[in-house]
Amino acid sequence: MTIEFDQRIAEQLTEVTLNSSIQVRCGTSNAFLVTASMVEPLVTEFEMGGVYISASRPAPELIDTLTEIGVPLGSIQFIDCVSSALLGGTESPYTNISYVDSPIMLESILLRTLFHLRQMPTEQNFVVLDSVNALAIYNEERMLAEYLHTFINTFRARDVLTAIVNVPDQTPPSVLSNLDLYCTDLIDRGQVVIS
Amino acid sequence: MFGTPQYTRDRCVTGIHGLDEILRGGVPYGSTVLIGGTCGSGKTTMCIEFLVHGAKMGEACAYFAATEPSVKLLENVRQYSFFDMEMVDKGLINVFDMDVLYSWLGLTKATFDRDDIDALVKAITDIVNTIGVTRLVIDSVTTLCYKVPNDQLIRDFLFTLGKTLATQGCTSFLVAEITSAGAKAHWSSFGVEEAILDGIMVLGDIDRMGHLLRFIQVVKMRGTDHSRAKYAVELTPMGVMLTPMLKWGVGA
Chain A
1 MTIEFDQRIA
11 EQLTEVTLNS
21 SIQVRCGTSN
31 AFLVTASMVE
41 PLVTEFEMGG
51 VYISASRPAP
61 ELIDTLTEIG
71 VPLGSIQFID
81 CVSSALLGGT
91 ESPYTNISYV
101 DSPIMLESIL
111 LRTLFHLRQM
121 PTEQNFVVLD
131 SVNALAIYNE
141 ERMLAEYLHT
151 FINTFRARDV
161 LTAIVNVPDQ
171 TPPSVLSNLD
181 LYCTDLIDRG
191 QVVIS
Chain B
1 MFGTPQYTRD
11 RCVTGIHGLD
21 EILRGGVPYG
31 STVLIGGTCG
41 SGKTTMCIEF
51 LVHGAKMGEA
61 CAYFAATEPS
71 VKLLENVRQY
81 SFFDMEMVDK
91 GLINVFDMDV
101 LYSWLGLTKA
111 TFDRDDIDAL
121 VKAITDIVNT
131 IGVTRLVIDS
141 VTTLCYKVPN
151 DQLIRDFLFT
161 LGKTLATQGC
171 TSFLVAEITS
181 AGAKAHWSSF
191 GVEEAILDGI
201 MVLGDIDRMG
211 HLLRFIQVVK
221 MRGTDHSRAK
231 YAVELTPMGV
241 MLTPMLKWGV
251 GA
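Protein chains in written order, with the numbering used here: chain A, 1 to 195; chain B, 1 to 252.
Source of the hints: derived by calculation from the structure; they are not laboratory data. Some hints could be false.
[As the list claims (entries may be wrong)] The calculated lysine to aspartate or glutamate pairs, modelled on EDC-like cross-linking and capped at a C-alpha distance of 16 Å, are: (1) B:Lys-247 x A:Glu-15; (2) B:Lys-220 x B:Asp-205; (3) B:Lys-147 x B:Asp-116; (4) B:Lys-56 x B:Glu-86; (5) B:Lys-247 x A:Asp-169; (6) B:Lys-147 x B:Asp-126; (7) B:Lys-247 x A:Glu-123; (8) B:Lys-56 x B:Asp-99; (9) B:Lys-109 x B:Asp-99.
Based on the sequences and whatever the hints tell you, model everything.
As structure tokens, then:
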């Protein structure tokens, strides 16, 4: 499978600092392209390591697809919030996945991310939260807003680049406005233009 | 917090991620702290990590196992990367089976009287003196107290033990098994331990939509300002990790 990465995302990433938090808006049809276009330069161009929190789909599936399009994943640890809900979902050959029981275990997700970051050999690291709208399926709006506030500030204080992926029209309005307020940068691919 | 106090007691740094921050630097030296918790809440792991941190600093530590044989305990904690069996081999962490201690002392009765309790306190104190123990864990004091027939004796036992250990400069964690960590629960099994000890930390679970989320709360700690909020707990291979619990996720 070949994919044409969105090069403007890589260009935009050159302008952010380590303690930035980027709100990544995408649509339902381009979510994978946008996240892949973001992760690829972080790993290859900036030689960063990171934690990818996968709440939208099982991490093994994500790893397979990213590997297929040539994104090196050696320096990425995955936190899978989906597979534990599927019988047999955690039986995977990949050793770089840790499974969280449920997307409602928000504090567990944060602590596991911190744990993996402490073990990262790379000096500069990132965290991708994919995605807010997937977490919104399980979590109450106020709790999710509170979580994102804590999440963003926790990693900013540690000079870890955070990318918060969301599909705006599937994210609760108050959560979205909190993201607007707390994130320092915006990659907006929320409107898909079909030419 | 009201700024830096004029006088601060020396601290025993627990080394547990986040806990020293909650305690504004650690447990005041020589304190006897009750670690009350429900089953599976992480009491033993936290206590072992407390001892491991002491051993890493060259301190002599003692663990009195009353709920499970020491062999089984050591097998269980070896899964953690923070634990190194060499600490046991080198005598930095000394693990004692309470059953063996009872046999040494000839305490074979089903219930203990005052003399038995005095003998037990003396034996523990002798061990602390001989090895120069500065960190001690009794896991659990509940199991031990089941052999003590009344509240007054339990109170005397814990008070004497705490006082003696404090005199030796030993910071102690006494584990208590509780069945519920809710708002109306006792922090200890017998309801008397909590009043006489220097500190109380409670570990438990919050049920969030059918999933149990571990938490810890420092209810009391004499000699230091501290947070009294609930913190989420994660048991990782590197040890216990804490983060403030989401306020909208705590529930009742």
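Status of the hints after comparison with the structure:
Only pairs whose Cα atoms come within 16 Å are accepted, and B:Lys-247 paired with A:Glu-15 is rejected, the gap being roughly 35 Å. Between B:Lys-220 and B:Asp-205 the CA atoms are separated by roughly 19 Å; this puts the pair beyond 16 Å, and the hint is violated. Proximity of B:Lys-147 to B:Asp-116 is assessed by CA-CA distance (about 10 Å); at most 16 Å being required, the pair is judged to hold. For the given pair, B:Lys-56 sits about 11 Å from B:Glu-86 by alpha-carbon distance, which is consistent with the 16 Å threshold.
Between B:Lys-247 and A:Asp-169 the alpha-carbon distance is near 26 Å, which puts this suggested pair outside the 16 Å criterion. Annotation: proposed proximity of B:Lys-147 to B:Asp-126 is violated, straight-line Cα distance about 21 Å (limit 16 Å). A threshold of 16 Å between alpha carbons decides the hint, and for B:Lys-247 with A:Glu-123 the separation of about 33 Å lies outside it, so the pair is violated. With a C-alpha separation of about 28 Å, the suggested pair B:Lys-56 and B:Asp-99 falls outside the 16 Å cut-off, and the hint is violated.
Taking the CA atoms of B:Lys-109 and B:Asp-99, the gap is about 12 Å. The hint holds against a cut of 16 Å.
In summary, the structure is inconsistent with hints 1, 2, 5, 6, 7 and 8 from the numbered list given earlier, while agreeing with the others.
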